[in-house]
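Under numbering that gives the first Met the number 0, the first residue of the sequence shown is numbered 0, with each subsequent residue one higher.
Read the hints as simulated data drawn from the structure, not as lab findings.
Ideal placement from N, C-alpha and C gives every residue a C-beta, glycine not left out.
Hints may contain errors.
As the list claims (entries may be wrong) - Taking CB as the label site, the calculated pair distances span: (1) Val174 x Pro207: 26 to 34 Å; (2) Leu229 x Leu170: 53 to 61 Å; (3) Gln230 x Val19: 45 to 53 Å; (4) Gln230 x Ala268: 50 to 58 Å; (5) Glu431 x Trp178: 19 to 27 Å; (6) Gly199 x Ser445: 21 to 29 Å; (7) Arg234 x Trp178: 26 to 34 Å; (8) Tyr88 x Val27: 42 to 50 Å; (9) Gly199 x Asp314: 47 to 55 Å; (10) Arg287 x Leu4: 41 to 49 Å.
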Amino acid sequence: MRQRLSLTARLTLLYALVSVLLLTGLGVLVSVMMDRHFAEQDADDLRDKLGLIREVMSTSPDIATLADRLDDVVHNHRDLYVQLQRLGYPVYASQSPAAFHFPAVDAAANRQMVSWQYGNANYHGMCSSGRLADGGRTELTICAAIDTGRHEHFMQMIGRSLAVYILLSALLGGVLAWWVAHNGLAPLRAMKARAQAITGQQLDTQMPVASVPPEMADLAESLNAMLRRLQEDFRKLSEFSSDLAHELRTPISNLLTETQVAIAQPRSADEYRDILASNAEEFQRLARTVSDMLFLAKAEHGLVLPSRERIAIEDEVAALLEFYDALAEEKNIRLQQSGSGQLLGDRLMLRRALSNLLSNALRHAPAGSVVTIDIAQQDDGSTVRVCNAGSGIPPEQLPRLFDRFFRADPARVAGESDGAGLGLAITRSIAEVHGGRISVTSADNSTCFTLWFPAQSPLAG
């Protein structure tokens with residue numbers, strides 16, 4: 000597996016690459032500008048030399064005299080080459096025409112510089128015309144050229160110097176970039192060290208925000224928010240583990256005690272039958288708790304796949320009221336239903352959620368009170384509101400009311416309250432599976448649970 004580069008190495012390489020590109024671009028620009036400058040300088044020199052030659056021609060009566068004078072002019076200019084032509088044929092050359100060749104340049108170019116290569120050398124040349132001092136009868140084409148070798152040698156030297164400078168600058172820039180990146184990422188390394196030191200017992204540790212650069216402040220805030228969520232989840236997990244152990248300990252202890260008592264001495268068949276019946280009740284309680292926990296685990300991980308059908312909520316409520324009518328009559332509680340509505344969802348899940356709310360209301364409603372179930376159809380969905388009279392729930396307990404095993408009643412001893420404290424958690428999961436939600440309000444004398452289901456259920460068919 001290929002090893003990944005560190006962030007410091009990446010920044011260093013990126014900075015070095017950018018430096019090389021910028022310096023190379025600068026070197027190319029300097030080379031182009033210098034080359035253009037030399038070309039303009041050569042053009043000016045050639046124009047001056049052509050002007051000087053025309054002056055010499057204007058005072059020379061014949062070609063022989065002109066040749067002698069031109070030899071004196073070009074004698075001290077080794078890089079200057081002059082050729083005079085008449086009707087396309089050379090009549091004077093500062094050196095042998097075989098050793099130096101002017102390209103066919105139209106004299107009408109009127110002192111426009113041209114470039115060419117001859118042999119291993121490069122030249123800039125320019126042509127013009129002039130007349131001898133013979134009354135203007137003899138017109139000659141004047142061509143002058145400059146060997147650009149000295150310019151090329153200088154440009155090569157500059158190019159080598161720039162290459163060495165770019166290389167050294169890239170190396171030095173890379174070292175400086177590493178130093179800057181290494182020191183700039185020091186807060187990140189400190190944050191990493193602090194994060195590595197955090198354990199399950201130190202989730203209250205927070206990353207420093209004020210002491211880090213603004214670019215890392217958002218990261219520190221996000222990590223702190225994650226730590227707070229983890230701390231809250233660990234707290235809930237710890238409480239859940241404690242509650243689960245308590246819920247399972249009681250029926251297991253009962254089973255163990257009754258079994259030990261049963262085998263302590265011989266008993267009659269009726270006594271064994273009573274013990275087995277009692278054990279069966281405890282097993283049912285354990286099975287119900289495990290089944291509810293399995294349902295919650297599946298719902299939280301998206302493994303619950305409910306069916307989808309159009310449901311008349313008032314019909315489901317009416318069926319449940321008929322089921323709970325005997326229990327309500329026994330407790331002297333009146334059940335009252337109103338309104339109607341429809342939703343697209345799973346009928347069995349809806350019935351389970353409503354049953355949990357009704358059983359919870361009947362459990363806490365005082366004798367002689369009324370439990371109301373109000374159904375309402377709205378544009379965005381439908382609501383079911385279950386209210387019962389009672390002592391109310393403290394405000395600080397409302398956010399935890401849908402946690403697993405949580406009871407508003409602090410009594411935790413088996414037999415003091417029915418159920419394992421999972422009904423409201425299951426109801427919330429059912430609502431969320433349907434894309435809905437559940438909320439609760441509690442005053443001094445009443446508590447109301449409200450289920451809301453969207454008009455368009457997100458369930459798959």
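Tested hints:
Taking 26 to 34 Å as the suggested C-beta distance range, the pair Val174 and Pro207 conforms, at roughly 29 Å. Taking 53 to 61 Å as the suggested C-beta distance range, the pair Leu229 and Leu170 does not conform, at roughly 46 Å. Separation of Gln230 from Val19 is about 49 Å and conforms to the stated range, judged on CB atoms against 45 to 53 Å. At about 56 Å, the beta-carbon gap between Gln230 and Ala268 stays in the expected band of 50 to 58 Å.
Look at Glu431 against Trp178: about 53 Å separates their beta carbons, and that is not inside 19 to 27 Å. For the pair Gly199 and Ser445, the supplied restraint of 21 to 29 Å is violated, since their beta-carbon distance comes to about 41 Å. At roughly 44 Å, the beta carbons of Arg234 and Trp178 sit outside the given window of 26 to 34 Å. Checked against the given bound of 42 to 50 Å, the beta carbons of Tyr88 and Val27, roughly 44 Å apart, stay inside it.
About 50 Å separates the C-beta atoms of Gly199 and Asp314, a value consistent with the hinted range of 47 to 55 Å. As the Cβ distance of Arg287 to Leu4 is approximately 57 Å, the hint placing it in 41 to 49 Å is violated.
Of the numbered hints listed earlier, those contradicted by the structure are 2, 5, 6, 7, 10.
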